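Asker: Protein chains in written order, with the numbering used here: chain W, 1 to 291; chain R, 1 to 291; chain Z, 1 to 385; chain E, 1 to 385.
Read the hints as simulated data drawn from the structure, not as lab findings. Keep in mind that this is a model prediction, so the values were computed, not measured. Where hints are given, some of them may not hold.
[As the list claims (entries may be wrong)] The calculated SDA-like cross-link candidates involving lysine to any residue, where the alpha carbons are at most 20 Å apart (straight line), are:
| no. | chain 1 | residue 1 | chain 2 | residue 2 |
| --- | --- | --- | --- | --- |
| 1 | Z | Lys351 | Z | Pro363 |
| 2 | E | Lys207 | W | Pro242 |
| 3 | Z | Lys111 | R | Lys145 |
| 4 | E | Lys239 | W | Gly99 |
| 5 | R | Lys145 | R | Phe171 |
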Amino acid sequence: MSILVGEDTRLAVAGLTGREGSYHAMNNRRYGTNVVAGITPGKGGQDVEGVPVFNTFRQAVAATDANTAMIFVPPRFAADSILEAEDAGVATIVAITEGIPAHDELIVFNVLKRNPGVRLVGPNCPGVLSPGKANVGIIPAAFFKPGNVGVVSRSGTLTYQIGNELAQSGFGNSTIVGIGGDPVPGSSFVDIIALFQADPETELIVMSGEIGGSAEEEAAQYIAEQVSKPVVAYIAGLTAPPGKTMGHAGAIVSGSSGGGQAKIDALEAVGVRVGRTPTQVAQIAVEILRG
Amino acid sequence: MSILVGEDTRLAVAGLTGREGSYHAMNNRRYGTNVVAGITPGKGGQDVEGVPVFNTFRQAVAATDANTAMIFVPPRFAADSILEAEDAGVATIVAITEGIPAHDELIVFNVLKRNPGVRLVGPNCPGVLSPGKANVGIIPAAFFKPGNVGVVSRSGTLTYQIGNELAQSGFGNSTIVGIGGDPVPGSSFVDIIALFQADPETELIVMSGEIGGSAEEEAAQYIAEQVSKPVVAYIAGLTAPPGKTMGHAGAIVSGSSGGGQAKIDALEAVGVRVGRTPTQVAQIAVEILRG
Amino acid sequence: MDLLEYKGKQVLARYDVAQLPGREATTVDAAVAAAEDIGFPLVIKAQVKIGGRGKAGGIKIANTLDEVREHATNILGMDIRGHIVHELWLQLASEIVSEYYAAVVFDRSAKAPLVMLSTQGGMEIEQVAAEHPEALAMLHVDPLVGFHPFHARRLAYEAGVDADVVVPVGDMLATLYEVFVGEDATLVEINPLVITPEREVAALDAKVTLDDNAMFRHPDNATLDDSSAADPQEAMAKKRGLTYVKLDGDIGIFGNGAGLVMSTLDVVAHAGGAPANFLDAGGGAKAEAIAASVEVILGNPNVKAVLFNVFGGITRCDEVARGIIEAYEILKPTVPFVVRLDGTNDVEARKLLADADLPHVYPEATMDGAAARVVALAREGVVAA
Amino acid sequence: MDLLEYKGKQVLARYDVAQLPGREATTVDAAVAAAEDIGFPLVIKAQVKIGGRGKAGGIKIANTLDEVREHATNILGMDIRGHIVHELWLQLASEIVSEYYAAVVFDRSAKAPLVMLSTQGGMEIEQVAAEHPEALAMLHVDPLVGFHPFHARRLAYEAGVDADVVVPVGDMLATLYEVFVGEDATLVEINPLVITPEREVAALDAKVTLDDNAMFRHPDNATLDDSSAADPQEAMAKKRGLTYVKLDGDIGIFGNGAGLVMSTLDVVAHAGGAPANFLDAGGGAKAEAIAASVEVILGNPNVKAVLFNVFGGITRCDEVARGIIEAYEILKPTVPFVVRLDGTNDVEARKLLADADLPHVYPEATMDGAAARVVALAREGVVAA
C-alpha cells in the first residue's frame, strides 16, 4: 500500500496542454502513472500524446473516471481549477502551481473542508510520489525506491536530499508527500501523518518542516496523541532572521510565532527525534529502522 | 411532551426594548414562558419589567443560559440578529420579523444549515405555542388548549381559525408551529412534521399550506416515506391568479409552479386527507381523532 | 417589484452588460425623435409586465420614420392581456446569428440561486425545458461560495454554446449573478441573449424583478418603480400600507392575515362567487386603518358586496367593528356588507354592530355561511345607501 | 509587500477610513511646505517598515516651522535598525482621548482572517496580549460567511470600548475587513485607532501588507511599492526574478529550493559561519540564470566566500556547473567558491568543474562538509582573482 496515489490513480491534468504541464504529465506517465485526461477550456477534443483533452473537469470525469487531479495552470486560474476539480467529484487534488493569492487559498480551503470526500495536496508543492506505483507532480523519481519510510515535507529539494540519503543507506519510501510552502496548504502535516499512521506499509515517518506558521507544533501534539509509529523530524530555517520571507510564502518568522527552535522543542517534547542537518535526519531514521 | 418550546425554554428576546417586542414578550411571560433576557445593543444593563437586557446574545447566553431566541427587530437588522443568536449557541430561534430581504434569508439559511445544533422557525411567522407550557411569539394562546394535535402552518390567522374549530370540538394541541409565509423559511413543513412524528404526545398532524413554492409537495413525499401518524391538510389560495403575490412574499403562483391544486393532488396521492375549507379540515381531524 | 424591460436594461447597463442602442418613449413624437437618434431598422416594443407582447401586436419592426409613427400610434394605449401600454422601447434591430437564454432565478425549493443557460433562446423557458431539456443547462449556486468562472464554463459547455463565445457568454452569466446579488433581485432573465454576426454577445430583452423588502439597501432603485401606471386602487392601497391585489370579480374581500384572506377568496369561489380583491389588513389594525381599507375596496366600481372575514388574534374584533361602522357612516356604501368576526373581543364586536344597526350589514357566524350569504347578496345587486 | 505607513493610509483612504490630515515629504523643504498646509501642532514621522520608530527618535512633535525644519533634517537619512529614512509623514497632532488597537490579520493556523480589537492601543499587540489579555478581543471570520455587524458588536463589547463609540468602532472594523479582502491584504493594522475629544474615531497609524501573489488583481497597487528604496542587491535580484534576501554575514549562499537553501543557511551557521544572503535559484534554472544569481551574490561587498549547494531534481547539475563556470569567467571573483552538487546529472557536472579546473573553486561531496569548508575559507580571507 501507499497513500494518496498508487496503482488505482486515474490522473486528470489541468493545464496538460501547457509546456510545463505536458512535460511533467508525460514524465509521470512514463513512470507508470495512469494519466487519463487533460483539461484545458477551449481545447476539448484535442489530445496530448494520446491523452484526451476536455473543456471541463466534469466532462473529463464523465469520460474517464478520473479520481485524481493535478493542477498545473497559472496562479490566477489555479484556485478556480481546484474548485472545479472538487465540483466534478475528484477525490484527490494535487496542486503544483506556485504563486496563488493567499485569499484564493483561503477560499479554496474553506470550500473544500465542507466536503469530507476530497483531499487537496499543495498548492506550491512538488506533488506526491509512491515509488514503483505512481508519481503525480514534479518529484524526480529516480532518487527514490519502494520502501517503508513515509516522507512529508514543506520543501521539495530538501525532501530529495533526505530521500537520497535514505536511499544510499538502503531504505526506500512508501510515499513522499510535498505539502508545499504556502501559508494555507490544503493538507497539513497532521493530515498526512494520519494517513501514514494508517498505512500498513509505512514503518517510519519523516517530516521535514520549516519556519513559519504552527503546523509543526500541531503535528507534535497530534503525534503525541495519535501516532504509534516512530517519527523523525527536520526543521529548516533555524537561523533565519524574523520578518524575512525565506523563499516560501509561508516561511517567515513573524513576531513571536513561527520560530524554528520552538518547533524543535515542541517535537522533542513529545519524543520525536529531530535531526540538526538533513544528513542527521537520515542517520537517525536508519538507526531506528535497523532497530 | 411538545416540540420546539416547552417547560425547558429559556427565552432571550432580540428587540425586547421595542414596543412590539416588549408587548409580546410580556404576553409570553404571562403565559408562563421563562423569559430570561433581552438583547438590544447599547441598552445592556437596563431591564424590561425585571428582564435583564444585554448588548449581545453572547452576553445574554453567558449570563442566563438562554436556549431559545425570539427575533423582534426591524427587518434590516433581523438577519444579523438571527446569525448572532446562532453564533452565541442558541439552539432554537423563532423569528417573528416580517419583511426581511430574500437574499438575507438565503444567507441565513445557508449559514445555519452548517450547524446541525440550531433550528430556525420563521421569519415572518407568528411563532410557536405549546399550550399550557410555553408561548414564543404572537400566537393568541387563548384559543388553544393542551392536546394531541400538532399544527404546522404557513399562515397565522388561518392557524387560529383551524385551532379554534378544533378546540370547539374539544380537541387541543401539542404544539402549534407557524413556519411563516416567506420564500425561504428556516424550517419547512418536512422539518416540523418530522418533529411531530417523533413526539409521543402528538397523535395527529394538521398542516396548513398555501400556494407558492413546493414545500407542500416535499412534505407529501416525506409523509409517504416517513410518517405513520395521520395528517390532515389544507391549502389556501386555490383560486388565486398566477403572477400575483397573495400577501405573503412566498404565496405566488409563478408559471407552472406553486399552484394549489397540484399541492392538493400531491398530498391526496400519498393518502393525506385535504379539507376544502378550514372548517372541513377541523371536521376531518375530529373524525379521525374520534376514530 | 417587476421592472419594465427598459428599466431592467437600465439596471443591467450599470453593470456594463452589452446591449443594443435604444431609447424609451411615452408619446408618438418622442418615439419618432428616438428613432432619428437610433437609426434603422429598429424594433418598437410595448413596455408591459406580461409575456406574449409579440403575438398581441406589441412588437413591430420599423424601417422609416413613417412606420415608427404608425406603429407607435397603434401600440401606445394598446391593451395587452389587461395591461395598458403607456411606454415604448425603441431599439436598433441588429442582425442576429443565435438566440440564447440566460437567467438567474431565486429557487425557493433549493434555497439557492439557480443559473440557467440555453442555446434555445427566444421562447418561454418552460417550453425549452419541456422540448429541449438537453439544451438547458442549470446550476444551483451556494450563496456563500458564489458563482465562479468554472461554473460559467460548466454551464456554457453543458448548454453547448458556440466554442468561440464560451468566454463572453460565461462572463455574461457572471455579470447577471452579480446583478442578482448586488441589486437584491429575485429574477434576472435575458431572453434572448443574442450573438451578432460580429460574434458579440448582447442582451436583447431583460426581465428583472427586485425584492421590495430590500429596497432600503438600494434607494436609487426607487425610481425604477412605475406604480403610477398601476391600477388606482392598488396605488391607493400601497400609499396606505395595505396589502391589496385587484382581482376580476365583484365581491370585495376584507380579512386579516394572508392565509385567511386567501382562504376567504377560495371559500367565496367555492360558494359560486368571484372575489374583486385580496386585502389583508394585517395584524393589530386599528379602526381608522380599517376604514381606509374599506375605502380602497369600495373604490373598485365592480364591487357589488363586501365580505369581512376576521379572526382576531392580535387584531381585536371590536376595533374591526368600530372601523366598519366608521367607514359605513363616512362612505355611505351602496353595497351590502357581510361580517363574520371571531376571536379576540368577538362578543363585544358583535354587540357593537348590533347596536349600530346599520342597514345592509349582515352578521354571520361562520366563514362558510358568510361566503354563501355574500355571494347571494352580490347576485341581488346594488342597494340604496 | 509591506507598505509604508503613508501608503497604507492611501489605501485606507480609498475606503473612506477616517484619518487626520497629513502629507508625505521626501525633503526638508517639502516637509516645511507640508507643515504650512497642515497647521500646528503636528507630528513628523519617519517612514520605515520597522517598529520602534519613536524610541529611535523617528517621531517628533513640531509647533513651529523652525521645529519642522529641525526635525525633518534630523530624521531624513536616519538609520532606524538598519532602515534608512527616505520619506516623512507629517500629520496634524490632534488631541486624543483614547488609543485603541484594531487589526485584521491572516491567521494561518486557523486558516481564517482574525479580527482583533483592544482598548489598549499604542503599544505592541504582543505586549497587550501578554499584559492585558482581557482587553484584547479576537474573532476568526469564516471567509465564506464574511464579517457581519454582530461580529463587530461582539468585538466592541468584549474589548470594552466606550459605549458611545461602539457603532463607529464597529463600522471601522467592518471597513478594515473590507480592505483586507478587497485589496488581498494579509495584514491591516491600525495602532493606535484614536478617539478624539469630539468622540470621532480615526486611524492614527496604519500597517498594511499586501499579497504580492495577488497584485494581478490590483494593478493600481503597483505604485505603492517602494522597492527603489530597497537594498541594491535585492532590487537587482527582484529584476531578475530571483528569490534573494540579504543577510548580515559574509558567506554567499546559492541553492535551489527554499527548504534546501534555508537548510544550507542553518548548516553554515552550525559550522560557525554567517550567511550573507538567502538565494533560491528555483527549479530548472539554466546556466545564464545561474550566472545572474552569482552576480547578485557577489554584488554584496561583504561576501568573502560562496557556497553552492544544489540537489538536482528538475534542476540539472550540469547546467549549474556550466553557470558557475560562465559566471567565474565573466566576473573573475576574488572570493573562493565551494561547490556541492548532487542529483540529476551530478556526475557530468563534477566532470565539467574538474575539467574547467578553476582556481579557488572547491568541490565537496556532502552538505555538511561543504559548509565546514566554506566557513574555513571565509576566515582565510580574500583571494586573488
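Asker: Would you mind marking each hint as holding or not holding in the structure?
Answerer: Here's how the hints hold up against the structure:
1. Lys351/Z <-> Pro363/Z: holds, 11 Å
2. Lys207/E <-> Pro242/W: Holds, at roughly 17 Å.
3. Lys111/Z <-> Lys145/R: violated, 35 Å
4. Lys239/E <-> Gly99/W: Measuring from Cα to Cα gives roughly 17 Å; hence the hint holds.
5. Lys145/R <-> Phe171/R: holds, 8 Å
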